[in-house]
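K.L.:
Protein sequence lines correspond, in order, to chains F and Y.
213 is the number that UniProt numbering gives to position 213 of the first sequence; each next residue is one higher, with no gaps.
367 is the number that UniProt numbering gives to position 367 of the second sequence; each next residue is one higher, with no gaps.
Hint data in this document are derived by calculation from the structure and do not stem from the laboratory.
Treat the hints loosely; a few may be bogus.
Coverage of chain F stretches by chain Y, computed from C-beta distances (three or more under 8 Å per stretch; other residues unrestricted) [said to hold, decoys possible]:
id: 1; segment: 47-53
id: 2; segment: 118-132
id: 3; segment: 156-165
The beta carbon of each residue, even a glycine, is placed where N, CA and C say it ideally should be.
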Amino acid sequence: MGRYLLRRLAFLLVSLALASVVLFVLLRLLPGDPANALTSVGASPEQIAAARHAIGSDRPLPEQFTHWLGQLATGDLGTSFVSSLPVGPEVAARLNVTVPLTLAAFVLAVVIAVPVGFVAARRRHTWYGALLSGISQLGMAVPVFWLGMILIAVFALGAGWLPSGGFPQDGWAAPADAVRSLVLPVLTIALVMSASLIRYVRSAALEVLDSDFLRTARALGASFPAAMWRHGLRNASVPVISVLGIELASTLLGAVVVESVYALPGLGSLLATGIAQHDYPVVQGVLFVSTLAVLLIGFVADLAQRIVDPRLRARLSGGAR
Amino acid sequence: MRLPKNARYAVAASASLAVALTACSGSGSGGAATGTWDKDATVNIGSLYEPQNLDNTAGGGQGVTEALNGNVYEGLFRLTDDGKVENLLAKDYKASADGLTYTFTLRDGVTFHSGKDVTSADVKYSLEKVLADDSQSARKSNLQVVKSIATPDAHTVEVTLSKKSISFVYNLSYVWIINSRAKNLKTQEDGTGPYTLGKWTRGSALSLDRYPGYWGDAAANKKVVFHYFKDATALNNSLLTNAVDVVTSEQSPDALDQFTSNANYKVSDGDSTTKLLLAFNDKAKPFTDVRVRRAVSAAIDDKKLLASVWGGYGKLIGSMVPPTDPWYEDLTEVNAYDVTAAKKLLAEAGYAKGFSFTLDTPNYDPHPTAATFIKAQLAKVGITVRINTITPDEWYTKVYKNHDFTATLQEHVNDRDLVWYGNPDFYWGYDDKQVTRWVEQAEEASTTAEQTALLKKVNRKTAEDAASDWLYLYPQIVVAGTKLSGYPVNGLNSQFFAYDIKKKG
């Protein structure tokens, strides 16, 4: 396990390094010049050149890249071209919205999807089993912004129980308001996410239900719930965990639509603004942090799979060599 | 012109202008001030225009004008919501007989929020900041006439111009007086206005707090919070749930019904200066031919276009001049919608069978809608339109800087921007020596009557030449809860003065 961990960590670092090169270069291949956004209309070529010099975009790419890496090494994500504010605290402030939003939605989605998925699999021949998988099928087709608008119409505009959008300016210093403002967004993401998770849980559970090991466990006298708990859940969770990892990672930035519908100052909206303004430091900062998060999530998902599935440990952690 | 939210390059409308505009807008401030109101209220304002930074000489965008102009920062003069220029930090001023020297006397007892007295040195510094090489101020080009600035004493500023400029005082209403020792103005402030900057949470909100040491009348509310939205529906929802009290500029006409039909809201249809243009490249064939330009203008039913985009709101215009500019004349009858006339003009110009051209179309509303409409209309007279959708950045480089286009769509937001037709190097390439001369003479005019008369000639001439096709004038719609009164409704130059807003308890 130790060796595996080391190898997996090395892989993570190499991926991060490659990703940072790719995102740095791709960003600069985009059409448009950040200096345009920084000079007034009708600026002379000299003024534009001066603006390029001020933000360092006139220097050779490798030099810009090493400069950025040097900053990163000291934990500095640079300074926004447009607002002149440091990017690090800005990203951190957005994470204060996006991380609770994503995690809460994720947990809620799992809490909904696992039991529903199992029931849909176990009772697939009954009317309600079919209904559950029908609903999840339908749920996958629902666009997230549409669901958001419906929830706003019902719970904010209609009942007036919750705010229709926004996040308190004081952030988590106003905990009750912060929580209230995240309820509908969390629900929106969780419902859409759980729809697709139910499908995965259901098919993983189906495989387990038809498996020889479950039949053997039952034959050895285990009750269905006990056999399911001891063998079924574990086996079913292996494919589900990898899907969970992907879902969680994509929600991190994919929450941008929900952030827009609910006017939340999250990471996705910072990225969208940064791209529109050619604000390279902001875009790089957001993408770097989210790449890191995605890689970490993948890392944790891999580890979790190895913990629940001894076969993976046996195959990879030295026994075979 | 207006580019979308985060990439707007405000084009300086060179304002040739009157010192005190007589043109007054219909409605004045919104809301009826009745009953008692809460002097310590917090007013929540919803807006689509978040500042990019807090410095109006460093590309802060229209959002920074909306939030800070008049509220946190003040100029020597103020452009009121009904278009008048009045003294603000200037107590008084004198122009020399030749119109080249202006002497300003500063108001006594004004301090910056940091506590320092406002002196002539600060005024000089502030004006120089606008004129500096790295300045992105929208008024920079208009203020190039400033030759030198002297400060004979702490309360007197003397500005010498290189030539007469009747709009000089008007242009000064855009120059914020800033503490010459202030630092980091992109993220902090040191102004003289009735509010200090509370907190700016990027991507979300910006708050202002009433400044107890303000030299003038204290603000009618204690705190103002601008809440920023990217999505017009989310903004409207906030108004419906009372999370915001007022929306500075409504951009989604479909949503207005829910407010007009609700007694708890008041919809104000103010005077806008934003025009939607089909701008021809007057130096590119076939638009070099005035008959072709007139034909295209006559072939498009502007009324129908306006109705499809804005429902019952907005106005038709026949030229670049909105009704609030002093030199306005109703020219909607010039090159009015007339398909037969359009066909005849095309035949005369040798295009009886029509022609085709590429329309560079910015990728945000309402341009794509307008482009599709224009394509359908022009097809009826045999003209084929190829719609080329471009980003604001591409528009800026391709159209505005390189003049590499045949025709384009663009919104122009400023008042008094007719004078751009006097500049043959401007992106649309309209080049008429007489017009250029009139515009110059108007700026150097001694009286506003003289200036107005000259610009009226420019107005008529450019309209007759169909220098561009002016499709319509946008509405300026402010929606507010009925608890609120005293808010500005005309949004002139994107200002939104908050200090008179009263909120019932």
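K.L.:
Next, verify each hint and record whether it holds.
P.N.:
Tested hints:
1. Counting residues of the segment 47-53 of chain F whose beta-carbon sits less than 8 Å from any beta-carbon of chain Y gives 3, enough to reach three: the coverage restraint holds.
2. Under the rule that three or more residues need a Cβ within less than 8 Å of chain Y, the assignment of the segment 118-132 of chain F is violated, with 0 such residues.
3. Remark: the segment 156-165 of chain F is confirmed as covered by chain Y, as 6 of its residues place a Cβ nearer than 8 Å to a Cβ of that chain, reaching the required three.
Violated hint for the displayed structure: number 2, the only one.
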